[in-house]
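Chains as they are written, first to last, in the UniProt record's numbering: chain A, 1 to 410; chain B, 1 to 426.
Mixed in with the good hints, there may be bad ones.
[Said to hold, decoys possible] Pairs of lysine to any residue, SDA-like flavour, derived with a Cα cap of 20 Å: (1) B/K86 with A/P49; (2) B/K69 with A/E67; (3) A/K211 with A/G123; (4) A/K287 with B/G159; (5) A/K287 with B/G42; (6) B/K218 with B/D249; (7) A/K287 with B/G35; (8) A/K214 with B/W29; (9) A/K53 with B/T364; (10) B/K305 with A/G123; (11) A/K287 with B/D249; (12) A/K322 with A/G343; (13) A/K287 with B/T399; (14) B/K48 with A/E76; (15) B/K103 with B/K218; (16) B/K305 with B/K69.
Everything labelled a hint here was simulated from the structure, so no lab data went into it.
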Amino acid sequence: MSIFSDVPQAPPVAVFKLTADFREDSHPQKVNLGVGAYRTDDSQPWVLPVVKKVERLIVEDDSLNHEYLPILGLPEFRSASSKVALGDDSPAIKENRVGGVQALGGTGALRIGAEFLRRWYNGTNNTATPVYVSAPTWENHNAVFADAGFKDIRPYHYWDAAKRGLDLAGLLDDLEKAPEHSIFVLHACAHNPTGTDPTQEEWKKIAEIMKRRKLFVFFDSAYQGFASGSLEKDAWAIRFFVSEGFELFVAQSFSKNFGLYNERVGNLTVVAQDNENLTRILSQMEKIVRTTWSNPPSQGARIVSKTLNCPELFAEWKGNVKTMADRVLLMRDQLKSKLQALGTPGTWDHITQQIGMFSFTGLNPKQVEYMIKEKHVYLMASGRINMCGLTTKNIDYVAQSIHEAVTKVQ
Amino acid sequence: SFLSTLTQTMKGSHPHHYSPALFLYSSWWGGVQMGPPDPILGVTEAFKRDTNPKKMNLGVGAYRDDQGKPFVLSCVRKAEALIAAKQLDKEYLPIGGLGEFTKACAQLALGADNEVLKSGRSITVQTISGTGSLRIGANFLSRFHGGPRDVYLPKPSWGNHTPIFRDAGMQLKAYRYYDPSTCGFDFKGALDDISKIPEQSVILLHACAHNPTGVDPKPEQWKEIADLVKKRNLLVFFDMAYQGFASGDIDRDAWSVRYFIEQGHNIVLSQSFAKNMGLYGERVGGFTVVCNDADEAKRVESQLKILIRPIYSNPPMNGARIATTILNTPDLRSLWLEEVHGMANRIIKMREQLVAGLKKEGSTHNWQHVIDQIGMFCFTGLKPEQVERLTKEFSVYMTKDGRISMAGVSSGNVGYLAHGIHAVTK
Numbered sequence: 001m002s003i004f005s006d007v008p009q010a011p012p013v014a015v016f017k018l019t020a021d022f023r024e025d026s027h028p029q030k031v032n033l034g035v036g037a038y039r040t041d042d043s044q045p046w047v048l049p050v051v052k053k054v055e056r057l058i059v060e061d062d063s064l065n066h067e068y069l070p071i072l073g074l075p076e077f078r079s080a081s082s083k084v085a086l087g088d089d090s091p092a093i094k095e096n097r098v099g100g101v102q103a104l105g106g107t108g109a110l111r112i113g114a115e116f117l118r119r120w121y122n123g124t125n126n127t128a129t130p131v132y133v134s135a136p137t138w139e140n141h142n143a144v145f146a147d148a149g150f151k152d153i154r155p156y157h158y159w160d161a162a163k164r165g166l167d168l169a170g171l172l173d174d175l176e177k178a179p180e181h182s183i184f185v186l187h188a189c190a191h192n193p194t195g196t197d198p199t200q201e202e203w204k205k206i207a208e209i210m211k212r213r214k215l216f217v218f219f220d221s222a223y224q225g226f227a228s229g230s231l232e233k234d235a236w237a238i239r240f241f242v243s244e245g246f247e248l249f250v251a252q253s254f255s256k257n258f259g260l261y262n263e264r265v266g267n268l269t270v271v272a273q274d275n276e277n278l279t280r281i282l283s284q285m286e287k288i289v290r291t292t293w294s295n296p297p298s299q300g301a302r303i304v305s306k307t308l309n310c311p312e313l314f315a316e317w318k319g320n321v322k323t324m325a326d327r328v329l330l331m332r333d334q335l336k337s338k339l340q341a342l343g344t345p346g347t348w349d350h351i352t353q354q355i356g357m358f359s360f361t362g363l364n365p366k367q368v369e370y371m372i373k374e375k376h377v378y379l380m381a382s383g384r385i386n387m388c389g390l391t392t393k394n395i396d397y398v399a400q401s402i403h404e405a406v407t408k409v410q
Numbered sequence: 001s002f003l004s005t006l007t008q009t010m011k012g013s014h015p016h017h018y019s020p021a022l023f024l025y026s027s028w029w030g031g032v033q034m035g036p037p038d039p040i041l042g043v044t045e046a047f048k049r050d051t052n053p054k055k056m057n058l059g060v061g062a063y064r065d066d067q068g069k070p071f072v073l074s075c076v077r078k079a080e081a082l083i084a085a086k087q088l089d090k091e092y093l094p095i096g097g098l099g100e101f102t103k104a105c106a107q108l109a110l111g112a113d114n115e116v117l118k119s120g121r122s123i124t125v126q127t128i129s130g131t132g133s134l135r136i137g138a139n140f141l142s143r144f145h146g147g148p149r150d151v152y153l154p155k156p157s158w159g160n161h162t163p164i165f166r167d168a169g170m171q172l173k174a175y176r177y178y179d180p181s182t183c184g185f186d187f188k189g190a191l192d193d194i195s196k197i198p199e200q201s202v203i204l205l206h207a208c209a210h211n212p213t214g215v216d217p218k219p220e221q222w223k224e225i226a227d228l229v230k231k232r233n234l235l236v237f238f239d240m241a242y243q244g245f246a247s248g249d250i251d252r253d254a255w256s257v258r259y260f261i262e263q264g265h266n267i268v269l270s271q272s273f274a275k276n277m278g279l280y281g282e283r284v285g286g287f288t289v290v291c292n293d294a295d296e297a298k299r300v301e302s303q304l305k306i307l308i309r310p311i312y313s314n315p316p317m318n319g320a321r322i323a324t325t326i327l328n329t330p331d332l333r334s335l336w337l338e339e340v341h342g343m344a345n346r347i348i349k350m351r352e353q354l355v356a357g358l359k360k361e362g363s364t365h366n367w368q369h370v371i372d373q374i375g376m377f378c379f380t381g382l383k384p385e386q387v388e389r390l391t392k393e394f395s396v397y398m399t400k401d402g403r404i405s406m407a408g409v410s411s412g413n414v415g416y417l418a419h420g421i422h423a424v425t426k
């Protein structure tokens, strides 16, 4: 009798299952609008030119070895990453109260931050502190906080399906009603999966309530630069909250804006009240990291660090990021135009109002099923599409497919 | 006064910031204690601060060449060049890692013709080196193991084992292992303790090159342990961080793992490529579960993915790609085996030279254990006070338990080390 005979089969992660199904599909016009990775207009993955350049430099550098990084990661990477999020002239950085924990992607940063909060926030080992995630949110947020030990994970109002935009009133109401000290996971920009971000005025309202009600700010920043094409613009919310005096966490990912998906490059930026607090926080972060992965992988951090810390490479990177952001904006523009030209029922302004990689089309599950089964256009059951999956070659087919789904299926 | 009342009120209610101008607030983090420095990695920190030109870092287990420099294997450099030429993309790996890697990783440990691999009744996932593997394993046991929550570690064991299992929700116990009177294996003590372990508990075994003592059971002793563990119906967790590094022979070093499987133990296994391929900072490892059949392996795999996804989503590519290229390219594999052999040999030579040096210094102690122990580490038998003296007076850095990393010893400094050890033990 095996000790594992009672282990049940777990369901597959939906987004990866979608890609697996797509791969098996032999239909010549199939389109993958599922997983969130950038594609060129030829539907190819894109290794950023600056990344290729820096990787060559690294391979050719005989002085580099494969020794362990410090537990908290490559120092030059950590400082440069936090700087990218908070700005070169950030007072918080000048005041020496900002620290970084290099982590395995955005996921790793979220997890280390979540573990820390569970151990040290709102008392010690307070697993009852409510954690609020947006409705909807990236599907892994829930599991990250649950596996870190939090018992009470709740949704906050976010997406208004009827008006296809932000449910600001619902959101603000949830902030007002949340127990004090609750943790809120906020998407810094390019909300996943809806692509709908608060405006600056709306962020100000959110910040006011969070400050008054002593709610903890945990930013998830996976798309800085990728959303608008501007690093500064995409970090506005983070920088605003810091300027308002919040102590906060930012889970940064360099998967998308550097195209370094599989090198697992992320950083947890910690903004503390002062250096003394920061020091204690980082010492406890070390303990968490040591039993999770000991120290982080060096390759991706080296690439990002070299790029961010060299003015020419930094400029080149910003150009690469803008290339990606611009292509996405073009596809948004074209998709909307084509749907309007087809006379597809409904309004399609949300396609261009939304920002970043994803768009919440508004297609319902039945319509999504039609898209997949009949048209071989793969998208998430939520109606989320990855704009990067669109190209000038397939956009007509996709627009036509959406048109059919909306008109034929209720 | 108003100000002091305000301060009191604010301190009492842990207020948040109202504006940067109002500095009379308390932080969220006032209650966060300063964490103690890591006992092993803390040694390197102290070493770095020392200005003595003769200082020696015998703390962390990272291999050094005879010039005391980090060693990047030639097979690694060659593999990197091959990979660079391929211009691969950077798309996410599957949650369980690079398929070619996990296959090669399992074959390395179990032997390519192992019945377990042929029948598909095991699952191997790519992990963040050995630590990541142990943690995934610990989390998996915590969630799915129906037996007692106790994990039995050898006494002593790698310092990080305890917090890893603890953070995963398991409890730690120990079985006798090291005999300080002989600086060798306490075989009788181990068997005695193991015979008393409650059924279905988890027992952790170091496959080879025990860390920190360097003391390994002999094959006949492994056989008895395997037998007893089976009688007690214990779940075996093998930690194999030094395959190839111990004896210089990868099959010899994996013998205990293969023997246990042969004897019918469905083990779980952690592997690291940090030392044997010198890929420390690339974080390359594997976690394997040997199951009853392929169906069970599939179910276990699905649950491992559910565990992994909320920690780091999927593992890093770079190191796994290098390891795979080496293992699957015949010339590189041969070169690797040579280089691993070379590293192991240099360590064996240093052990011999240290003992010779101690004799030359006039030491009358029995230092045979330095030669009998195997792998990167040597449990010198030094007491904490002697360790402290060795560090303070000679700038020789090591962990308090008397463990030295032989990898930090070179022909250039072995004489100095012998001198220092003799000075504190005569």
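Consistency of the hints with the structure:
| no. | hint | in the structure |
| --- | --- | --- |
| 1 | B/K86 with A/P49 | holds, 15 Å |
| 2 | B/K69 with A/E67 | holds, 11 Å |
| 3 | A/K211 with A/G123 | holds, 19 Å |
| 4 | A/K287 with B/G159 | holds, 13 Å |
| 5 | A/K287 with B/G42 | holds, 12 Å |
| 6 | B/K218 with B/D249 | holds, 15 Å |
| 7 | A/K287 with B/G35 | holds, 7 Å |
| 8 | A/K214 with B/W29 | holds, 13 Å |
| 9 | A/K53 with B/T364 | violated, 60 Å |
| 10 | B/K305 with A/G123 | violated, 32 Å |
| 11 | A/K287 with B/D249 | violated, 35 Å |
| 12 | A/K322 with A/G343 | violated, 32 Å |
| 13 | A/K287 with B/T399 | holds, 18 Å |
| 14 | B/K48 with A/E76 | holds, 19 Å |
| 15 | B/K103 with B/K218 | violated, 29 Å |
| 16 | B/K305 with B/K69 | violated, 38 Å |
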